[in-house]
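Given chain Z's structure and the hints, the job is docking chain W onto it.
There are 2 protein chains.
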Amino acid sequence: MSAPLLEQLIDALRVLPGVGQKTAQRMAYHLLEREREGGKRLAGTLAEAVERIGHCAQCRDFSETELCPTCANGSRERSQLCVVESPADRLAIENATGYRGVYFVLQGRLSPLDGIGPRELGLEQLEQRLAEAEVQELIIATSATVEGEATAHYLAQLARARQVRPSRLAQGLPLGGELEYVDRGTLSHAFGTRSEVRD
Amino acid sequence: MSAPLLEQLIDALRVLPGVGQKTAQRMAYHLLEREREGGKRLAGTLAEAVERIGHCAQCRDFSETELCPTCANGSRERSQLCVVESPADRLAIENATGYRGVYFVLQGRLSPLDGIGPRELGLEQLEQRLAEAEVQELIIATSATVEGEATAHYLAQLARARQVRPSRLAQGLPLGGELEYVDRGTLSHAFGTRSEVRD
Chain Z
13 MSAPLLEQLI DALRVLPGVG QKTAQRMAYH LLEREREGGK RLAGTLAEAV ERIGHCAQCR
73 DFSETELCPT CANGSRERSQ LCVVESPADR LAIENATGYR GVYFVLQGRL SPLDGIGPRE
133 LGLEQLEQRL AEAEVQELII ATSATVEGEA TAHYLAQLAR ARQVRPSRLA QGLPLGGELE
193 YVDRGTLSHA FGTRSEVRD
Chain W
13 MSAPLLEQLI DALRVLPGVG QKTAQRMAYH LLEREREGGK RLAGTLAEAV ERIGHCAQCR
73 DFSETELCPT CANGSRERSQ LCVVESPADR LAIENATGYR GVYFVLQGRL SPLDGIGPRE
133 LGLEQLEQRL AEAEVQELII ATSATVEGEA TAHYLAQLAR ARQVRPSRLA QGLPLGGELE
193 YVDRGTLSHA FGTRSEVRD
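Here the protein sequences line up with chains Z and W, keeping their order. The first sequence begins at 13 in this note's numbering and counts up one residue at a time. The second sequence begins at 13 in this note's numbering and counts up one residue at a time.
Okay, chain Z solo, but in the shape it has when bound (with noise of 0.2 angstroms):
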């Protein structure tokens, strides 16, 4: 006999990020008390997702279609490309930037340890789209960590391989951060990399 359905929810719902048995099981009491149009609604549009959502062959970020939206958009600049390492650091710069270029975005980045090199991060694609001529800045904006860093320093050497300008997001003090607060090591590369003030 196979586990009562209402177990076997509590444990499918665990796949979740940060979901543990105890989360699971008030979302299972949640769903099936007060949600049930809710939940058939996830049911539907998750097995539609998972099935349905690949990857844009131009960018590498989540889409429905062979193209992404972004992609596929005439208007927007291709001379500008933003390496991103996930769809969610794509959706943050699309949000908070006026950013109008285009992204390839990495599904990761480079960890040798973990067995991801620039095969796993689609650079053959890339340093494809940057032979292309269209692109004149490829924007890095990996993160901030030692293997964002190590990832970034491998995309400018591909750029400048191109005769593309590689460019990286400014680092230093976050806006409105108490200089008490903020932690040595950006501190110091802010004191270090401070710049002249001009009128």
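Calculated directly from the structure, the hints in this document are not laboratory data. Backbone N, C-alpha and C define an ideal beta-carbon position, used for all residues, glycine too. Any given hint might turn out to be false.
Claimed, not checked - Each computed DSS-like pair below joins lysine-lysine, with the alpha-carbon atoms no more than 27 angstroms apart:
hint: 1; chain 1: Z; residue 1: Lys34; chain 2: W; residue 2: Lys52
hint: 2; chain 1: W; residue 1: Lys34; chain 2: W; residue 2: Lys52
hint: 3; chain 1: W; residue 1: Lys34; chain 2: Z; residue 2: Lys52
hint: 4; chain 1: Z; residue 1: Lys52; chain 2: Z; residue 2: Lys34
hint: 5; chain 1: Z; residue 1: Lys34; chain 2: W; residue 2: Lys34
hint: 6; chain 1: Z; residue 1: Lys52; chain 2: W; residue 2: Lys52
Unchecked claim - A short list of chain Z residues far from chain W (calculated; beta carbon distances all over 10 angstroms):
hint: 7; residue: Gly30
hint: 8; residue: Thr57
hint: 9; residue: Gly134
hint: 10; residue: Arg177
hint: 11; residue: Gln183
hint: 12; residue: Thr205
What the hints assert, rightly or not - Interface residues of chain W toward chain Z, partial, derived using beta-carbon atoms under 7 angstroms:
hint: 13; residue: Pro29
hint: 14; residue: Arg53
hint: 15; residue: Leu58
hint: 16; residue: Ala61
hint: 17; residue: Glu136
Relative to chain Z, chain W alone:
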């Protein structure tokens, strides 16, 4: 044109309790990036669960069969009936105690302002069970809130009217609780209902 599937998924995930826009987004990306199999299983189990899980005809707990496994179990003690507010409470008692009796799940508590009266809690059904003469003790395990107490009071009256002995879970200091950090109400109650120490 409808919203992209990914946005629909993020929106659908927000029916889960405690999940806002940011968490839903993180969950959607996690499922698509690393847990497509788990996502598919979750979708299937959820669809089946909201469809097939109903209520036990006897105790009103969630059940996929007419009688839940506990009610259908012939070896449970039918002279003890424990009333709880929710399926989660029932599970907590079942896991923490060695209770061998049966349950009755109110699926709520008396709350006239929200339109929840004896009818909504299935108290007619409970009265019928009390009338069947099998039940000797009604263990009232509603929560220690104002509404829970009111419900407990009402249930105790029902039990007495049917010559059934009502009982209520003990209230006092939680095990391992430091006196200093216990709330005033609990401390005052525990002090007032102190019991004599016997050798």
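The hints, checked one at a time:
With a C-alpha separation of about 22 angstroms, the suggested pairing of lysine 34/Z with lysine 52/W holds against the 27 angstroms cut-off. A C-alpha spacing of about 22 angstroms is found between lysine 34/W and lysine 52/W, which places the hinted pair at or below 27 angstroms, so the restraint holds. Restraint check for lysine 34/W and lysine 52/Z: the C-alpha separation of about 22 angstroms stays at or below 27 angstroms, so the hint holds. At most 27 angstroms may separate the alpha-carbon atoms for a hinted pair to count; lysine 52/Z and lysine 34/Z meet this at roughly 22 angstroms.
Taken as a hint, the lysine 34/Z and lysine 34/W pair is honoured in the structure, with Cα atoms around 21 angstroms apart against an allowance of 27 angstroms. For the proposed pair lysine 52/Z and lysine 52/W, the alpha carbon gap of about 14 angstroms is at most 27 angstroms, so the pair holds. Residue-level check failed: glycine 30/Z sits 8 angstroms from the nearest beta carbon of chain W, not beyond 10 angstroms. For threonine 57/Z, the non-interface assignment is contradicted: its Cβ lies about 4 angstroms from the closest Cβ of chain W, within the 10 angstroms cut-off.
In this structure glycine 134/Z is separated from chain W by more than 10 angstroms, as the shortest Cβ-Cβ distance comes to about 14 angstroms. Its beta-carbon lying about 30 angstroms from the closest one in chain W, arginine 177/Z satisfies the requirement of being farther than 10 angstroms from that chain. With a minimum CB-CB distance of about 24 angstroms to chain W, glutamine 183/Z clears the 10 angstroms threshold, and the non-interface call stands. No beta-carbon of chain W is positioned within 10 angstroms of the beta-carbon of threonine 205/Z; the least distance is around 31 angstroms.
Among the interface hints, the one on proline 29/W holds; its C-beta lies about 4 angstroms from the nearest C-beta in chain Z, closer than the 7 angstroms criterion. Using the Cβ-Cβ criterion of 7 angstroms, the hint placing arginine 53/W at the interface with chain Z is satisfied: the shortest such distance is roughly 5 angstroms. Using the Cβ-Cβ criterion of 7 angstroms, the hint placing leucine 58/W at the interface with chain Z is satisfied: the shortest such distance is roughly 4 angstroms. This hint holds: alanine 61/W has a C-beta 4 angstroms from the nearest C-beta of chain Z, less than the 7 angstroms allowed.
Contact between glutamate 136/W and chain Z, as hinted, is not supported at the beta carbon level, the nearest pair being about 21 angstroms apart and thus beyond 7 angstroms.
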